[in-house]
Every structure is written in C-alpha cells, then in structure tokens.
Amino acid sequence: MMRKIIFIILFVILGVYQFYAQNSYVKVSIDTNKALIGDQVNLNIEVNSKKKIQIVNPIITDSIGKLIVVSKSKIDTTIKENDIVYKQKIILTAFDSGYYQIPSMQFLAIDKLDTSFLNSNPLGISFSTLAIDTTKPIKDIKPPLEIPFNIMDYIWYIIGGIFLIIAIFFAIRYFKNRKPTEKVIPRFDPKIPAHIQALNDLKQLESEKLWQNDYFKEYHSRLTDILRLYLERRFNFLAMESTTTEILDEFAKVISSRDLHSNLNIILNIADMVKFAKQIPTPEDNIKAMEWARQIVESTIPIETEDKDISQTNPNSKND
Amino acid sequence: MADIREINEKIQVASSFIDLLNLEIGKVIIGQKSMVERLMIALIANGHVLLEGVPGLAKTLAIKTLASAIDAKFSRIQFTPDLLPADLIGTMIYNQKKEEFTLRYGPVFANFILADEINRAPAKVQSALLESMQERQVTIGEHTLKLPEPFLVLATENPLEQEGTYPLPEAQVDRFMMKVIVNYPSREEEKMILRQNTAPTSQNPNAVINPQQIMEAREVVKEIYLDEKIEKYILDIVFATRKPEEYNLGRLKNLIHYGSSPRGSIFLAQASKSMAFIKKRGFVIPEDVRLLCNDVLRHRIGITYEAEAESITTDDIINEILNTIEVP
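As you go down the protein sequences, you meet chains P and Z in turn.
Numbering-wise (the working numbering), the first sequence opens with residue 1 and increments by one.
Numbering-wise (the working numbering), the second sequence opens with residue 1001 and increments by one.
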C-alpha cells in the first residue's frame, strides 16, 4: 500500500513537471534553405514558456556553426496571460559555397522545482555561387560612370579663376603705371666741352642779375657749382663732392699758378661765408668772383695740337 | 650778419682755452692729434667717445692728461668679467658704529672716466655705465645721485683680443657720440715719443682751465650757426646710410644691414658745431661735417655678411657716401 502511495506521489510530481516542460518549447526557423554566397538569411528564434520558468539563452558569438553572424536583434518579450514568448532575429551569411548546418541550440529552463534543457531542431542551408555562362566571351571591366555636368560643381573654381584674372589685370596695370625709377640726371652734356659749358653758364648767371636783386646766396652757390663742375670735368677729380679745402688741395696739384690758386681760394671762401655764415658780400666781391671764375676757366682751357690727337693744357697747368 | 659777428666774438673769448689745452696736452701726448681733437669735441658737445685701437697708443694717457689740464677728477675702470654694477656706481655699506647704511660712491663719480676694455664686462655692468652716460645720474638703493659735470666717458675696445668678451649691443654703442679709431704714430712721432720717455725729466700738464669754463663753452656752442644747407647735407648723408638706392648708391644696398639712427644726425650736427668752436668759427661749414662723419657714423651702421665677406668696412661705406653726395 505504502509503495502505491509513494508511486502516486512521484507520478503526480513528475506529471506536473512534465506538464510544465511540455508547455515550454523552442521554435527555430530560417527564411530559406537556399541562398547565394554573400546573401543574408534571417534565423528566427522563438521560445515559449510559462512566466514562472526562467529561460537562459545560449550564448551566440560571431558565428553559428560555420555561418557568420551579421547582426542580432534585441530579444523581444511578449507576455500572454501566464505565458511568455521570447523572439530574436539573427542575420546569417556565408561567403563560401556549400551546405551549412545550424546545430541544435540549447536553452536552459529553470523552474523552482527543477532545471531542464530545451533544444531546437537542427537546420540546414546551402549557399551556392552564381552560374557562369562559359559560352559567352569575357567582358571588359565597365568604365567609370559618366556624371552629368552641373555648373554648381565648378562654381568655386570659376569664382577663383575670375579673381585670379582680376588680380593679374591690376598687377599688370600697377607695374605699367608705376613711376620709373628715378634716372640720374646727368650734370652736364658730355658733347659740350667743359670750358664752353662753364663760360656759357657763367654768362647766363651774370645775365640773371641775382646779386643785384639781393639773391647773394643763390648767386654764389651757382657760381661755385659752375666752377666746381668745370674743375671736376677738366681735372677729373670729385670737385662736386669735395669741400673747399679738398678742392684747393686738388687744384694745387694740377695748377702751378699762384694767382689762380689764390683767386679760387677767395671765390670759394667768400661763397662759404655767404652760404653758411649769412654774410652779405660787397658788390666788388660779387663782381670779382665772376671775373676770377672766368679767368680760372679761360686760363685752364686745354690747348689742342694740330693733329688733334693729343690735347695739351694751358701753360698754367702742371699736367701737360 | 650781426648775429654771426656776435657769435664769432663770443667764440673768440670762450674758445681761448682750446689753445692752452692743446699746449698742455702737447707736453705729454705726441701725435694722436685727431684723437685729442675728438676728445675735446666730445667734451664740448657733451658726448662720449668709444676708442678702438691696439694697446699702448696713449689712450689712457690722453684722457688722464685732459683731466689734469682741466683740473677735473679722473677715474680709470678696468672692465673684467667678474665686475659688478656696484663696483662701478657704488653701493650701500652697513656702518656698525652708526648702525645705519651709508653710501659708498663708485668710480663713476668723476668728470672723466676711462672704461678700459668695456666689452670684457658682462652686459649688466655695461648697462650700468651706459645708463649713467645717458641719464647723467645713478641710483644706489633709494638715492638718485647726479653725476658731476662735465662728464665724459672714454671707453676702449680691444680689437685684437675678442675671446672672452661681451660685445656691446648696437643700442648701447649708439649712445657714444663718436667711435674713434686710434692708429699707430708716424715714425717721426714715435721717435719723439721714444726720446720723451727716455729723457731724465718728464713734463706734467698744468691745470689751465676749470670744469666751469667747459660748461660755459657748451652754452656758446649751442649758438653756433648751422645753415639749412648743412642740415640738408647731414640728413642726406644719414639717409643715404638707410636708403642708399635713393642717393644713386644702389650698390651699397646689399652691403648695409641697417643705417644710422636719428642719434647719428643729432650727434653729427652737435659734433660739427663743436668742431667749428674749436676752429674758432661761429658757423659750421661742410668741412666740419666731412671731418667727423666717419667718427660719428661708423658704429651706427650695420654691415651685411656680404660686406664682411668682401672685407668692406663701415668706413668704406661712409667714404663711398661722402664721395657721392654733393657738398653744398
């Protein structure tokens, strides 16, 4: 009797468990069982169980068997009264042709009373390559596609080009209109002999009557400039860039006449006093300065020989 | 004209000491007339002189003699790498007896300073001296003290021994009115130097003037007439160092790194006036400018590596400018 009771109790317990277990199931399906390599296939997993049962999913990494897992959706949970349904979609692919098996997946069902496994059915899928028609000739690689012309694609290049043309135009205009670098104005015309130039300039200065109109500084400045330019051209030293003492020293080297030297000394010193010391010269000083300046020029005119090949200087000169 | 006559008369009186000074200095210094003349110009123009020359060319003797002839205080400072600014300008010393700090004046408190081998001292000592040259005063602790007048600094640079030196920066060299190159005496002069130094007796200069006369002379120098034409000549020269291409000196453009500062124009004008004073003239002539141009400008012009490679000096550049710019 006792044995019967124990048997009945065990039967009830196991029966209840069986009842629960029978109410939990796993359903695994794929969209197709034939695909081209690289195609993506959906693997749908659905686990149905009672609320009380806790389902532990198998860990799916980056592949299932030899199939590559492209992506996994989140587990979608739906509750229906006492039941609960878990759904997940896994996208699979393969890059080699052949038959692939999706092995049985094992889910753990944990109940208060016991723990059991729920196994899915294994599935199969074949991946095949494209059928190549070997009767047709091999075609060349397709050329790049022609993009239809659109002006907006080139707008910045066009604007840049316009700016560049404008910049070049203004640069050319700037350089064309720029003031030419100042040319050095020659102090004298080399075709005109030094003494003729000097005598002409002295004559011109005299005719302007500068000192008679109280322009003493200008008169003596110009007179000494004419004389210095003459000495520079005639005796080939930098008279325009020399001071009075330097000019007298150079003059003494080439002219032996004491009178001429003395006269030049007086002319230059009077001019220095007028130019730099605000001295007002006497009329005699002004007249004498002009006379002596002429005398210096006339006394140092080079004497030309008959064949005009060799030019000699005046007897007053040392350098003949 | 009356103005110039008045100035001339004043100068005749004020410059009478120049002959006496020359006479006294001539007792001791043989030759080196240019150096002595430049020292007097700087003294009258209230400037300072940088001397460059090999040792033994009577640089120290010249300034010492000048100080003796003017009856002024003279100090010689040998610049060394371990010299401190306090060694130059002075410092505050704690007096244990009085229990207070007292001033100890440095050698810079003199009328004539010979800063020997200035480029041997570090920059801070050079700065201390150059600041006192510029400001004519020094600050020790909380005390700002005026330096005595006249105050003339004669600094020397030794061109042969450049190792272990601190070259003077351009900004500080610019403060010297003139940089004078001292050359060897002529054979005849050296013969006289030799005789003078081997003679049984030696002559000492007498004090013929006092510092006050120098100060009065400075006032007269300010009245010396500088014509507009001379001003233009000075400006042409100085500007030609900056923009040579504008003065038909385009060939110098690649040789000049930087031209003279405005101090160059100011000092050239002041020095020219002093030169006129020494020559007892009440007005400046171009010759005064020409004579001092090299001394006033040679340390204010920077030359390029190209010029250095061709051994072109600032003197060559100045001479080229002088030979191109027309004398008024």
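Hints in this document: simulated from the structure, not taken from any laboratory.
Heads up, the beta-carbon is just placed ideally off N, CA and C, and yes, glycines get one too.
Hints are not guaranteed to be accurate.
Taking beta-carbon pairs under 8 Å as the criterion, some of the chain P residues facing chain Z (in silico) [what the hints assert, rightly or not]:
#	residue
1	Asn177
2	Asn200
3	Met240
4	Glu241
5	Thr243
6	Leu248
7	Ala252
8	Asp272
9	Lys275
10	Phe276
11	Lys278
12	Thr282
Heads up, simulated DSS-like pairs for lysine-lysine below, C-alpha to C-alpha not over 25 Å straight-line [as the list claims (entries may be wrong)]:
#	chain 1	residue 1	chain 2	residue 2
13	P	Lys112	P	Lys51
14	P	Lys176	P	Lys209
15	Z	Lys1279	Z	Lys1232
16	P	Lys34	P	Lys50
17	P	Lys27	P	Lys72
18	Z	Lys1010	P	Lys278
19	Z	Lys1229	P	Lys87
20	P	Lys50	P	Lys142
21	P	Lys209	Z	Lys1229
22	P	Lys112	P	Lys136
23	P	Lys52	P	Lys112
24	Z	Lys1222	P	Lys176
25	Z	Lys1280	P	Lys278
26	Z	Lys1229	P	Lys176
27	P	Lys278	Z	Lys1229
28	P	Lys87	P	Lys34
29	Z	Lys1243	P	Lys278
Label pairs and their computed distance ranges (CB to CB) [what the hints assert, rightly or not]:
#	chain 1	residue 1	chain 2	residue 2	range
30	Z	Ile1181	P	Ile168	35 to 45 Å
31	Z	Pro1169	P	Pro193	31 to 41 Å
32	Z	Glu1310	P	Pro193	37 to 47 Å
33	Z	Gly1250	P	Ile280	36 to 46 Å
34	P	Asn200	Z	Gly1250	29 to 39 Å
35	P	Tyr215	Z	Glu1310	40 to 50 Å
36	Z	Lys1191	P	Ala252	24 to 34 Å
37	P	Ile192	Z	Glu1246	27 to 37 Å
38	Z	Ser1016	P	Pro193	28 to 38 Å
Quiz item: Holds or violated: are the alpha carbons of Lys1010(Z) and Lys278(P) at most 25 Å from each other?
Solution: Since the Cα atoms of Lys1010(Z) and Lys278(P) sit roughly 17 Å apart, the hinted pair holds (cutoff 25 Å).
Quiz item: Has the given pair, Lys112(P) with Lys136(P), been kept, meaning a C-alpha gap of at most 25 Å?
Solution: This hinted pair is violated, its Cα atoms lying about 68 Å apart.
Quiz item: When you take the CB atoms of Gly1250(Z) and Ile280(P), is the distance between them in 36 to 46 Å?
Solution: Since Gly1250(Z) and Ile280(P) have Cβ atoms about 41 Å apart, the given range 36 to 46 Å holds.
Quiz prompt | Restraint check for Lys50(P) with Lys142(P), where alpha carbons must lie at most 25 Å apart | solution = violated (59 Å)
Quiz item: Does the alpha-carbon distance linking Lys176(P) and Lys209(P) stay inside the 25 Å limit?
Solution: Distance ~44 Å between Lys176(P) and Lys209(P) Cα, so the pair is violated.
Self-check item: Evaluation of the interface hint that places Glu241(P) against chain Z, nearest CB under 8 Å
Solution: holds (5 Å)
Quiz item: Are Glu1310(Z) and Pro193(P) spaced within 37 to 47 Å by their CB atoms?
Solution: Since Glu1310(Z) and Pro193(P) have Cβ atoms about 38 Å apart, the given range 37 to 47 Å holds.
Practice problem: Take a quick look at whether Lys1222(Z) and Lys176(P) sit within 25 Å of each other, Cα to Cα. | Solution: Violated - the C-alpha atoms of Lys176(P) and Lys1222(Z) are around 51 Å apart, more than 25 Å.
Quiz prompt | Hint validity - Met240(P) Cβ closer than 8 Å to any chain Z Cβ | solution = Status holds, d = 5 Å.
Quiz prompt | Interface hint compliance - Thr282(P) to chain Z, C-beta minimum distance less than 8 Å | solution = Result: violated, 12 Å to nearest chain Z Cβ.
Quiz item: Range hint 24 to 34 Å: satisfied by the CB atoms of Lys1191(Z) and Ala252(P)?
Solution: Hint holds: Cβ distance 29 Å, inside 24 to 34 Å.
Quiz prompt | C-beta pair Ile1181(Z), Ile168(P): status relative to the range 35 to 45 Å that was hinted | solution = Taking Cβ atoms as reference, Ile1181(Z) and Ile168(P) lie about 54 Å apart, which means the hint is violated.
The structure shown violates the earlier hints numbered 1, 2, 6, 7, 12, 14, 16, 19, 20, 22, 24, 26, 29, 30, 31 and 38.
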